[in-house]
Amino acid sequence: MELELKNVTKSYDDIIALNNVSFRLVPGVYGLLGSNGSGKTTLFRIISGVLKQTTGTVTHNREDIRANSDAFRSVLGFLPQDFSYYPDFTGMKFMLYIAALKGINKNLAKKRCLELLTLVGLEDVKNKKIKKYSGGMKQRLGIAQAMINDPEVLILDEPTVGLDPKERVRFRNLISSFSKNKIVILSTHIVSDIEYIADEILVLNKGILENRGPSSVLIETIRGYVWETEVENDKLDQMLMDHLISNQKHEGNRTVLRIISIEKPAPNAKQVHPTLEDLYLYYFREEAGR
Amino acid sequence: MKTIVKYEMEKIQQNKTFIGALVISLLVLAGILYIGFYQAQLYGIDRNGVEHYHQVVEKSTGEFNDQKVKEVLTNYIDHYQSDNVDNRSFDLFSWEIANTFIANGEDVYDQMNNAMKQGDKLTIDQISIKSIKEIGFAEFLEPLKVGSFVTWKDLYNVTSQIFLLISILVILVCCLVFSSDTSRNMNPLLLSTKLGRKQLTIAKIIAATFFSILVFLSIHALSLGAFFIYNGGFTGWDTSIQTNVSMELFKFPVELNQLHVFGLAVALQFIGLLAIVALTLYVSSTTRSPFSSLLIALGLFLLPKALTQLIKRGPIYHLLNLFPINNYPVKDFLTLMSTEKEFFFDNFMQNMILTMVVLVAITIIFNFAVYQRMKQYQET
Ligand SMILES: Nc1ncnc2c1ncn2[C@@H]1O[C@H](COP(=O)(O)OP(=O)(O)OP(=O)(O)O)[C@@H](O)[C@H]1O
Ligand SMILES: [Mg+2]
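From first to last, the protein sequence lines are chains V and R. Position 279 of the first sequence, counted from 1, bears residue number 279 in the working numbering, the numbering being contiguous throughout. Position 97 of the second sequence, counted from 1, bears residue number 97 in the working numbering, the numbering being contiguous throughout.
Don't read these hints as lab results, they were simulated from the structure. Quick caveat: nothing in here was measured; it's all calculated off a predicted structure. Glycine included, each C-beta is placed from N, C-alpha and C at the ideal position. Among the hints, a few may not be true.
To be verified - As a list, the in silico BS3-like pairs of lysine-lysine whose alpha-carbon atoms are at most 30 Å apart:
#1 R:Lys16 x V:Lys93
#2 R:Lys305 x V:Lys131
#3 V:Lys138 x V:Lys126
#4 R:Lys145 x R:Lys341
#5 R:Lys198 x V:Lys52
#6 R:Lys341 x V:Lys182
#7 R:Lys2 x R:Lys133
#8 R:Lys6 x R:Lys198
#9 R:Lys6 x V:Lys131
#10 R:Lys59 x R:Lys133
#11 V:Lys128 x V:Lys166
#12 R:Lys11 x V:Lys111
#13 V:Lys129 x R:Lys16
#14 V:Lys128 x V:Lys106
#15 R:Lys59 x R:Lys70
#16 R:Lys16 x V:Lys138
#17 R:Lys70 x V:Lys52
#18 R:Lys198 x V:Lys126
#19 R:Lys194 x V:Lys128
#20 R:Lys11 x V:Lys132
#21 V:Lys111 x R:Lys194
#22 V:Lys129 x R:Lys2
Said to hold, decoys possible - Here are some chain R residues the structure puts well away from chain V; computed CB gaps all over 12 Å:
#23 Glu51
#24 Ile102
#25 Ser183
#26 Leu200
#27 Tyr377
Work the whole structure out from these sequences, hints included.
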């Protein structure tokens, strides 16, 4: 099983949201990393067939997903980025509604929906109206609905927004156990969400696929660019202006800075191990104010 | 499929707009029925009017001929001159007949009043009564029948008014069906599911249509119930529409009784309603917000009426008369469709069938357009 994008470009009136994106995915978990407006949602909408690319093709098992949209949609699970639920539906009813739209027979649907609601920790509130749900509960409901049809291709647009740490852990476990023989793509800004579960990371920057690979490999690309140094507080402002800072920690009248820089930023700076977060900052340094 | 339709019905019912509209509609309906049947002219000055009306109707029901007219008028002037002015009930049945058949309607009452002042009585022979032929009533193989007609005219008025009410309520419900999901940003989710494009669209069309039919039938049932009480049953149903002199359709060329006319009116409304549903659903599928879809759908519903203010003859005018808003009042469709000047053919039934066929075609075309649109829907 494979999902392949070839030279996909999408332009809105005056903006090019995706610029000649090509990649091929085989079963596994993929993290799509990109800053606000980098084209993640646009990419996901194109893959799920609700937005037409300007040029290029998307194929699933070598069949164009647009030519075979019925077949592709039956193996697809999708959590879009923002939408509002039907406030007077209960969580269970919403799940059953989506199950019906996915063509799952009634008896099976009941069992499957209950199972998933339990997996995302919503079994206690399944009969409560969605308008009484918290943001994180709605998010979990969204994740659950995407998985009802046991999709071969699961696309989650910022699934971890609003989840507390405990739920994040639960989410990671859910995805890990689910992903066998499946293609799972999820986008996020929160690096730690994908650091552990994603087999590969795709870096999307201003509509261009800048890099892809396992996080350890990507991190290697900035080895030697991450530094730590201690500065006096009166010199702090100057340092903050001059460098890309990934962290700062105050200790009395001195501050420990974590700096991403190709050259040694200060005489007393020491090289340290880069993390995925450093990598993110490195790629998206313009948004970070540099 | 049945399951999806069920959920779509639920979505409609849970919508706040719909709940509000339903409450308001029921109030308006109560108003229409109250004014139409209870505050009706029939009650006249005193509440005995209805009772007296039914007595007169019972006496007068039967074959419609010059002899019958004379009988009615004889009783009428007798009654007028027998009681003292203060407690005589106003007899709307005979009053309408008198208006139609007495050469100088106004004068009779003066003459009767003068005669009474002098302790005298005006007799029927002193009045000149027009003959049925003179007025030009339509003639068929079977003679015309006369019977309760004032109440039926009220029923026709109410029936016409509730069409507007039903239409507006239905437009309100149907304009939400697609646009509310669009405005919720639900389309990416719904339309990326297996059945979310074809079956869901069909389910939405079925749910909206079914709902509208339900609204249509319940409101008409309530109205008929109220009429039943008002009219004391369905008496008068077999009265010829030509002898309903309040409607002034003496020359109406088709042999129809009042029940036929009611049936045709409801059938025409029903098919018109289906077309309205289809058109509104199409509008709903093309707009991003429920509010703009409501405005556009209402605008399209009313547009043919506005255009007939500008265009008053010719083929375009004829075309405009096909739309429900231009032919929903019972008297209007009877008159419009019986002449070539206003419609396409010179035959009422042909015009009626043409209208229905066109409305059914509109229904099919727009429902199909909705289906095609949602099948291929893309975000922008
Ligand atoms: N419907 C639209 N019309 C015009 N421009 C759009 C539209 N949708 C998105 N864009 C633009 O396309 C670019 C990519 O947007 P997209 O929503 O795909 O980004 P994203 O990576 O999902 O961002 P975020 O992290 O904020 O969700 C942005 O510049 C955005 O302004
Ligand atoms: Mg996005």
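Each hint, compared with the structure:
no.: 1; hint: R:Lys16 x V:Lys93; in the structure: holds (19 Å)
no.: 2; hint: R:Lys305 x V:Lys131; in the structure: violated (43 Å)
no.: 3; hint: V:Lys138 x V:Lys126; in the structure: holds (11 Å)
no.: 4; hint: R:Lys145 x R:Lys341; in the structure: holds (29 Å)
no.: 5; hint: R:Lys198 x V:Lys52; in the structure: holds (18 Å)
no.: 6; hint: R:Lys341 x V:Lys182; in the structure: violated (70 Å)
no.: 7; hint: R:Lys2 x R:Lys133; in the structure: violated (60 Å)
no.: 8; hint: R:Lys6 x R:Lys198; in the structure: holds (16 Å)
no.: 9; hint: R:Lys6 x V:Lys131; in the structure: holds (21 Å)
no.: 10; hint: R:Lys59 x R:Lys133; in the structure: holds (23 Å)
no.: 11; hint: V:Lys128 x V:Lys166; in the structure: holds (22 Å)
no.: 12; hint: R:Lys11 x V:Lys111; in the structure: holds (23 Å)
no.: 13; hint: V:Lys129 x R:Lys16; in the structure: holds (15 Å)
no.: 14; hint: V:Lys128 x V:Lys106; in the structure: holds (21 Å)
no.: 15; hint: R:Lys59 x R:Lys70; in the structure: holds (13 Å)
no.: 16; hint: R:Lys16 x V:Lys138; in the structure: holds (21 Å)
no.: 17; hint: R:Lys70 x V:Lys52; in the structure: violated (79 Å)
no.: 18; hint: R:Lys198 x V:Lys126; in the structure: holds (29 Å)
no.: 19; hint: R:Lys194 x V:Lys128; in the structure: holds (27 Å)
no.: 20; hint: R:Lys11 x V:Lys132; in the structure: holds (17 Å)
no.: 21; hint: V:Lys111 x R:Lys194; in the structure: holds (19 Å)
no.: 22; hint: V:Lys129 x R:Lys2; in the structure: holds (23 Å)
no.: 23; hint: Glu51; in the structure: holds (50 Å)
no.: 24; hint: Ile102; in the structure: holds (64 Å)
no.: 25; hint: Ser183; in the structure: violated (9 Å)
no.: 26; hint: Leu200; in the structure: violated (6 Å)
no.: 27; hint: Tyr377; in the structure: violated (8 Å)
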